[in-house]
Amino acid sequence: MPELDPSRVRDLYRDMIMMRAFDDKALKLQRQGRMGTWPPIKGQEAVQAGVAMAMGEDDWLIPAFREHGVMVLRGVPLHLVYAYWAGDERGSSYSEDVRCFPVAVPVGSQWQHGAGVGLSLKLSGDDAVAVTFGGDGSTSEGDFHEGLNCAGVFDARTVFVIQNNQWAISVPLHQQTRAETLAQKAHAYGIPGIQVDGNDVFAVYAAADEAIQRARRGEGPTLIEAVTYRLGDHTTADDASRYRAEEELKEWEGKDPILRLRRYLEQKGLWVEDQEVVLQEEAHKWVDDQVKALEEMPPQAPEEMFTSMYAEMPPHLSEQMQSLVEEVRS
Amino acid sequence: MPELDPSRVRDLYRDMIMMRAFDDKALKLQRQGRMGTWPPIKGQEAVQAGVAMAMGEDDWLIPAFREHGVMVLRGVPLHLVYAYWAGDERGSSYSEDVRCFPVAVPVGSQWQHGAGVGLSLKLSGDDAVAVTFGGDGSTSEGDFHEGLNCAGVFDARTVFVIQNNQWAISVPLHQQTRAETLAQKAHAYGIPGIQVDGNDVFAVYAAADEAIQRARRGEGPTLIEAVTYRLGDHTTADDASRYRAEEELKEWEGKDPILRLRRYLEQKGLWVEDQEVVLQEEAHKWVDDQVKALEEMPPQAPEEMFTSMYAEMPPHLSEQMQSLVEEVRS
Amino acid sequence: MSAPGSQGAEGRALHAVPEVATEKLTIAQAVRDAMLLEMERDEKVLVLGEDVGVDGGVFRATDGLIERFGSDRVIDMPLAESSIIGMSVGLAATGFRPVAEIQFMGFVYPAINQLFGHAARMRNRTRGRLTCPMVVRMPYGGGIHPPEHHSESYEALFLNTPGFKVVIPSNPHDAKGLLTAAIRDEDPVLFMEPKRIYRAFREAVPADSFAVPIGKAHIARTGTDVTLIAWGSMVRLCLDAAEVMAREAIDAEVVDLRTLNPLDRETMIESVVKTGRAVVVHEAPRTAGFGAEIVTQINEHALLQLEAPVQRVTGFDVIFPLAHNEKHYLPSRERIVAAVQSTLHF
Amino acid sequence: MSAPGSQGAEGRALHAVPEVATEKLTIAQAVRDAMLLEMERDEKVLVLGEDVGVDGGVFRATDGLIERFGSDRVIDMPLAESSIIGMSVGLAATGFRPVAEIQFMGFVYPAINQLFGHAARMRNRTRGRLTCPMVVRMPYGGGIHPPEHHSESYEALFLNTPGFKVVIPSNPHDAKGLLTAAIRDEDPVLFMEPKRIYRAFREAVPADSFAVPIGKAHIARTGTDVTLIAWGSMVRLCLDAAEVMAREAIDAEVVDLRTLNPLDRETMIESVVKTGRAVVVHEAPRTAGFGAEIVTQINEHALLQLEAPVQRVTGFDVIFPLAHNEKHYLPSRERIVAAVQSTLHF
Ligand SMILES: Cc1ncc(C[n+]2csc(CCOP(=O)(O)OP(=O)(O)O)c2C)c(N)n1
Ligand SMILES: Cc1ncc(C[n+]2csc(CCOP(=O)(O)OP(=O)(O)O)c2C)c(N)n1
Ligand SMILES: [Mg+2]
Ligand SMILES: [Mg+2]
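Note that the protein sequences, when read in sequence, are chains A, B, C and D. The first sequence begins at 1 in this note's numbering and counts up one residue at a time. The second sequence begins at 1 in this note's numbering and counts up one residue at a time. The third sequence begins at 1 in this note's numbering and counts up one residue at a time. The fourth sequence begins at 1 in this note's numbering and counts up one residue at a time.
Treat the hints as calculated values from the structure; they're not laboratory data. Using N, Cα and C, we set each Cβ at its ideal position, and we do this for glycine too. Among the clues, some could well be false.
To be verified - From the derived model, a few chain A residues whose C-beta atoms are all more than 12 Å from chain B: (1) 122; (2) 175; (3) 244; (4) 248; (5) 265; (6) 319.
What the hints assert, rightly or not - For lysine-lysine, the following PhoX-like pairs were computed, each having C-alpha atoms within a straight-line distance of at most 25 Å: (7) A/292 x A/28; (8) A/285 x A/28; (9) A/42 x A/255; (10) A/292 x A/122; (11) C/44 x B/122; (12) D/44 x A/122.
Unchecked claim - Computed, partial: chain D to chain B, Cβ under 8 Å: (13) 76; (14) 78; (15) 82; (16) 110; (17) 143; (18) 145; (19) 148; (20) 267; (21) 317; (22) 318; (23) 322; (24) 325; (25) 328; (26) 329.
Let the sequences and hints guide you as you build the complete structure.
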């Protein structure tokens, strides 16, 4: 276990509680029709909090689509995360100083962006590192292979983190690959691969910290496999009970990373019930404020679908936009 | 070394001599303007002869584009191989009982066909095995990864053979991947990977034989990396001296797999100069006959570009074909 | 084998359905029904894709097939579209008839190399020695407010590259009949399913197996004043627009193309020659959408009969918007009516 | 910045070239020249692709660049097109200006997911926060008798999906000026190079850096009887055909589109309005080729001025044939003349 002082450990706990709170809220919003399809992160908070804490201020985050936790920790305002999943492109338009890519929906396609950003940082002599996430399922895509292979060839300043939640929608890991671990895939690229218990936030932090420092020193990329579990459905459009055994879910609910960290904090005397109450209150207030901020966003103008297509709008698009504006006005 | 009786060893030698002869001839034809772009196989004869000898009668071959040697050994008439590279589609239209895919030009795309054919053989209870070839460069493509990963998941009856000739046009292997060997990439898929000296025909045969038998027994796919060297240019459109050191070429010319096998045969007393003369003569006669067969092929009718597009020709194609026929006639 | 009875959308039967046992099915159910019956008929038919097995497909189009046919014939694939198609090429060339599912059309891109480079070319490349009888099913199109990449309508992608057939049903009857024909076809068929109306309505569909021939358009509504040309979910929109216009005594004919390649030019041109006016409707962006080919063929074959330029009602030349702006992107009844008006008052 | 002097093909200067130092260059050399000058001007410009470094590119378009700028700026990539584009997305979004080479257009398919899914969408997706200023160079087209997949002319693939600019030069001058503009552009530009005429002729090209604006067509030959519309290597074929027809007193105007997206509709329509007749010529298969969009726009904007239906001279709807049949596939001078005749005698 790395030497984290108690306040940072409490920060980790706080981060995870915040995640759980906003994830729960998103599911509620979705049921109320105020949110689009939402991919829950419940159960995967330790991976996201642990990696986020290991990242330096200027490091880039390249998420897949189930990284709201780490995105928020890296500075993406929660109300924008909500806006994105509610169907508003402005949700990916956070401020320039947040070094974070937008959500990548095509599974696996972000691995190469991670390699590209890692090469970019190396070429520009930037001290920062690119941290790229993806799921266990995404390791089957050709882009995973290419991204890691190229990162290896170029000594890209990239850390690849697999959130192995053991399912890709309905497909369990053993139908995804015959390899015993995902970490061992690193071997194919001549780079280090490490498997960690993704529900142990300290283990995640330690592995991420080591990998990030290695990349920062210019010693090349690392693959981290964080073994965790998706406690929720794949998305709000999914019903996991169709393909997943109740017992398996129950077993993993017992391994909830938040409970686990709380137990640790309590055992170490770093946490008492009062603090929990305050924290929960704070979390809910923050989430409510963010929902308010979401709902206070002025509606997106219909013509916004045109305005960011190109740096300069070509004539045919202006015409089309004009026709839409007239239609909406009439 | 596997127990091959002297006559089979001589067969291997013969196969390799035949390859060298037809490859040389193709280069000559190309210089004379009687052949299109040709990718020479010089230096890679041992890989192709060794694998071919290990294959069973009903096994499928799925080549990339530098496997003329093994294709011919599997029953593709040489004059059709020539026809194909001379720019005639009928060159890929060999008889149904030749279990061989056509040349796959898009690098890496054939790996998945190998996985698919291997699954097909498994599902249909066919005893045969699919043997798929590709180059070192092709291992960087996403399709390599996907093909091997899927073959692993499904226990496909597939053997994957990398002809690692150490160059992908001008890109040397160490710029292709940071992995020390290509064989170790198998680890990513939970399947066995083996590196062999691809200029040692016995080593190739032994590895291929073991892998093919394993696949035939239903025990899953194997990756074989055969380390060899491309003694010629990438193709007749390439000039390898632009990027490849003369000394490297010289060194590998010394390791020519044909010289090596001949030396072995001579040492064992299995071969004398007279036999060599006869064999060379036979090879040249065969090649000349095949060139004759090529040149005796009636010209391809222009409308053949239409006739195999669909099982039944749709009306718009008939119209287009008609217009071409009229144009050509006039 | 031909369709025992054709109908337009919901209840708009154009001619009587012969007396056969029927079931009320949605498009999603009709698709499943076709696969099920073909799998029973021909053991070489396989289904493969992401989540098609235990989960029964994210739209339930393969629901229950794995229980019925086992995991050797209903194959949950690793998350790898290029392999879904690439392995299908290997399977098809050696005797199987894969019916591959791409979960959403927006995720077909990783498979383009296998589709364009091999599936579409194997027959021609080998002059008929190896073939690729396979179907690629893809839910397509907008209207369901999903995340990015889930609303693509990219039929044009597959129409300038020869070697495929491209089929898009607009109703449960055709979904079953066309998919049956597609599975029996000797060439690769891209079968695009309008997810917006997957479960929007039910229709009586013959319970037995039947094929609707590929390459034949269908007059979904007869009319005399203008021809609306569409496919997939846009056919229903055209029928709706036609109803609205009927109140204003504009009598629109609706041509449901059903197959985009090979195109049934004859039916389409005949209709335009009759009405003298045409509007083509598609969800895809305007520029270089398949609408352009339709307009061009009309101009090549019926220019002198045209009373007005053919109009296009299409998506805009922008990325398909997320939920908030989706309704502003998609063709609407109003836009169709306006386009018809402009051809009438040219 | 605009072109200091435009000309048609070989020697057909339409107006005087201002007095600037020039060099006689082929298209391949002009392409190289543009990259070299832009790399000197802006250190954020990178070149990457297969064999672009030590080998200097299989067509020598990047010859000598690695010696000049080093392997950090001229990057020999692993054999992985999806990574060439995917990494370019990462590089471009974080400040570099990658000029990526796809060795032949037929090998762009593995990169489609990165191109369509990300490069074309990053600006819109983030409402301008992250952008992808990158160029994708691709030799395209037939005429060189190569193996399979080396002759594709698949511009239509990139025209129904918004977010790209698509630029295709037809001569050395434009190759240099347009590529310069493409590298300076803030959005992804697909730059298709007509390999058939890479080295077919030399032309005087200003030695200094200059940009030809993207989105402007060029009248390569003025005429009054018919408008020939083309791009890339087909422009030269049209000019040849025009010369032949001139002998029969048919005076053809040739519009070199140069940019397919955004299309210079104005120039094109103006010409057609003037001549009343048009023929569009492309190498790609006929159905759903970009010719259809041209015909459609002419019909939308100049129907009443048309004396005859617009004709298409195109490839057939078949797989591009291997060498033996190539000449029968490609548009020829004779086919162009015949199409013009048919518009004249409609
Ligand atoms: C290329 C592509 N194919 C299919 C999908 C549909 N899809 C979305 S998420 C998903 C499963 C992803 O599994 P995994 O990578 O393990 O991530 P997780 O959902 O478990 O976080 C699938 C199949 C997609 N988004 N992109
Ligand atoms: C997808 C794709 N990209 C690029 C090419 C062009 N190309 C043909 S062969 C080749 C190198 C192949 O190297 P390798 O796999 O090692 O095979 P080798 O040529 O050495 O036999 C390249 C880049 C291609 N044919 N396909
Ligand atoms: Mg997962
Ligand atoms: Mg090689």
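- Message: Does residue 143 of chain D hold up as a contact with chain B if the rule is Cβ-Cβ below 8 Å?
- Response: 13 Å, violated
- Message: Restraint: residue 329 of chain D near chain B, CB-CB cut 8 Å. Satisfied or not?
- Response: 6 Å, holds
- Query: Was residue 122 of chain A rightly flagged as not at the interface, with every chain B Cβ beyond 12 Å?
  - Reply: 14 Å, holds
- Taken at face value, is the distance from the CA of residue 122 of chain A to the CA of residue 292 of chain A at most 25 Å? 41 Å, violated
- Query: Any CB of chain B closer than 8 Å to the CB of residue 78 of chain D?
  - Reply: Holds, because the Cβ-Cβ distance from residue 78 of chain D to chain B comes to roughly 4 Å (cut-off 8 Å).
- Query: Should the label of residue 244 of chain A as a non-interface residue stand, given a Cβ cut-off of 12 Å to chain B?
  - Reply: Correct as stated: the minimum Cβ-Cβ distance to chain B is 19 Å, above 12 Å.
- Can the hint on residue 328 of chain D be confirmed by a CB-to-CB distance to chain B that is less than 8 Å? 4 Å, holds
- Message: Interface hint check: residue 148 of chain D, Cβ to nearest Cβ on chain B, cutoff 8 Å. Holds or violated?
- Response: 5 Å, holds
- Can the hint on residue 145 of chain D be confirmed by a CB-to-CB distance to chain B that is less than 8 Å? For residue 145 of chain D, the interface hint holds, since the closest Cβ of chain B sits about 6 Å away, which is under 8 Å.
- Is the hinted pair residue 285 of chain A and residue 28 of chain A satisfied, with a Cα-Cα distance of at most 25 Å? 15 Å, holds
- Are residue 267 of chain D and chain B close enough, Cβ to Cβ, to be under 8 Å, as the hint says? 31 Å, violated
- Query: Does the structure keep residue 44 of chain C and residue 122 of chain B at a Cα separation of 25 Å or less?
  - Reply: 13 Å, holds
The structure fails to meet hints 2, 10, 17, 20 from the earlier list, while all remaining hints are met.
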